[in-house]
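S.K.: Next come the chains, spelled out residue by residue.
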Amino acid sequence: MAAAGAVFAFSANWLACLLTRHSSTPLGLELTRNYFPSSGSNTVPPNAVSTNTNIQPQQTLEAQLRAEGLSLADSNLVAQVFHDPRYERDLVVFIDARDNDEYQQGHIPGAYLFNHYHPESYLVTVVPVCQAAQQVVVYCNGGNCDESILAARLLRDLPQVGGEKIFVYAGGIAEWTTNGLAVEIGERKSGKMREPRKSEDRKQGALRTIVPAMERT
Amino acid sequence: MRASAILARWLLGGLFIYMGLTKTLHPEAFLKLVRQYEMVANPFLLNSIAATLPWFEVFCGLLLVFGVAVRGSALMLFAMLVPFTFVVFKRALAISSVKAIAFCSVRFDCGCGSGDVFICHKLAENSLLILLAAWLVFNRGCKLCARFSLLQGGTIQEGQTAAGASGQSQQG
Numbered sequence: 093m094a095a096a097g098a099v100f101a102f103s104a105n106w107l108a109c110l111l112t113r114h115s116s117t118p119l120g121l122e123l124t125r126n127y128f129p130s131s132g133s134n135t136v137p138p139n140a141v142s143t144n145t146n147i148q149p150q151q152t153l154e155a156q157l158r159a160e161g162l163s164l165a166d167s168n169l170v171a172q173v174f175h176d177p178r179y180e181r182d183l184v185v186f187i188d189a190r191d192n193d194e195y196q197q198g199h200i201p202g203a204y205l206f207n208h209y210h211p212e213s214y215l216v217t218v219v220p221v222c223q224a225a226q227q228v229v230v231y232c233n234g235g236n237c238d239e240s241i242l243a244a245r246l247l248r249d250l251p252q253v254g255g256e257k258i259f260v261y262a263g264g265i266a267e268w269t270t271n272g273l274a275v276e277i278g279e280r281k282s283g284k285m286r287e288p289r290k291s292e293d294r295k296q297g298a299l300r301t302i303v304p305a306m307e308r309t
Numbered sequence: 034m035r036a037s038a039i040l041a042r043w044l045l046g047g048l049f050i051y052m053g054l055t056k057t058l059h060p061e062a063f064l065k066l067v068r069q070y071e072m073v074a075n076p077f078l079l080n081s082i083a084a085t086l087p088w089f090e091v092f093c094g095l096l097l098v099f100g101v102a103v104r105g106s107a108l109m110l111f112a113m114l115v116p117f118t119f120v121v122f123k124r125a126l127a128i129s130s131v132k133a134i135a136f137c138s139v140r141f142d143c144g145c146g147s148g149d150v151f152i153c154h155k156l157a158e159n160s161l162l163i164l165l166a167a168w169l170v171f172n173r174g175c176k177l178c179a180r181f182s183l184l185q186g187g188t189i190q191e192g193q194t195a196a197g198a199s200g201q202s203q204q205g
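First to last, the protein sequences are chains L and V.
For the record, in the first sequence the residue sitting at position 187 is 279 according to the numbering used here, with numbers rising by one throughout.
For the record, in the second sequence the residue sitting at position 90 is 123 according to the numbering used here, with numbers rising by one throughout.
For the record, the hints were derived by calculation from the structure and aren't laboratory data.
Misleading hints may appear alongside valid ones.
Quick list of in silico lysine to any residue cross-link-like pairs, SDA-like style, CA-CA up to 20 angstroms [claimed, not checked]:
hint: 1; chain 1: L; residue 1: LYS284; chain 2: L; residue 2: PHE174
hint: 2; chain 1: V; residue 1: LYS123; chain 2: V; residue 2: LEU162
hint: 3; chain 1: V; residue 1: LYS132; chain 2: L; residue 2: GLN223
hint: 4; chain 1: V; residue 1: LYS132; chain 2: L; residue 2: GLY235
hint: 5; chain 1: L; residue 1: LYS257; chain 2: L; residue 2: ASN236
hint: 6; chain 1: V; residue 1: LYS132; chain 2: L; residue 2: ASN236
hint: 7; chain 1: L; residue 1: LYS281; chain 2: L; residue 2: GLY120
hint: 8; chain 1: L; residue 1: LYS284; chain 2: L; residue 2: GLU194
hint: 9; chain 1: V; residue 1: LYS132; chain 2: V; residue 2: GLU71
Just a few of them, taken from the derived set where beta-carbon distance is under 8 angstroms, the chain L residues facing chain V [stated by the list, open to error]:
hint: 10; residue: PHE100
hint: 11; residue: GLY120
hint: 12; residue: VAL173
A virtual CB, placed ideally from N, CA and C, is assigned to each residue, including glycine.
Model the full structure from these sequences, guided by the hints.
M.R.: Set out below in structure tokens:
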């Protein structure tokens, strides 16, 4: 029974890989591929909970990235990059390291999608862009997400790109939206934006809940 | 009794088909979840587990729904549920300890195919599924079974046991 199930499972995975190889959302996993190449120093994902590891403090993350030949970008640097005139000419670029569904739901305007689980689908577009750019900022969801680090490593190891110009935005799209910055929906340069809630709207919303409560008392 | 066996097979089988298919549609997401448990470091082993486990669940679920090798597939699901439940429990304990929150307040995606869940709900759910699987292993009913047992005569007539059916098939 177990053997039959194993044969079925391996065959199904192989078939899924074969049939969806050229799809935008490939199924199946390549068994021999290392999807999480490490720097050699720490292979534990940031959000693994154990007695030995914890969420990395900013300084530790910065030191780790520096040791790997990458750089850390904070919200100030990211905002600076976004408003840099070079951004319009793709001399500074954002790389979204999440999957297609998350990207479509909202990404930093003008960011290029790069799902490192299926690099073959994205390298054709991303490599020339990164090669020409002077600064490359890679991000994912932020918080405990380490996709940006994994994608940055992959880009760093490409001879056409190198690591000197690659920055990892640890805050990710979560911090971007928290800071009230606009988010683009759908495809890249779709023109569809989800505007942030202005601070006035947030205050009005809070007031609407407080006043009725006061009137009740 | 027979109706409850059918319902149990369909419920358990259907649930595992659904959970398995959900994971097969998002293989990288499941791979990331398996990785978080830190059970396996070798990439080939990690990929093999993440790639095949969902399909194995679908396989066992299909067998149960169609009533093929019922006891074997129930035993396979039981053998998966027990260690998984233990591992999920351990992880929840670790999260509770690190974040200093009540155990039942712990909520995370355990990789079961149902997204973020509260740990106490998940443990209760898994306990029920374990009991259901165990019951199916020992239950002799096979109403609406395509082939109750792969090896012992195939089908069981009403009122017979699995051993009785095996004896009959040998005489035949």
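S.K.: Of the hints stated earlier, which fail here?
M.R.: Those not satisfied are hints 3, 5, 7, 12.
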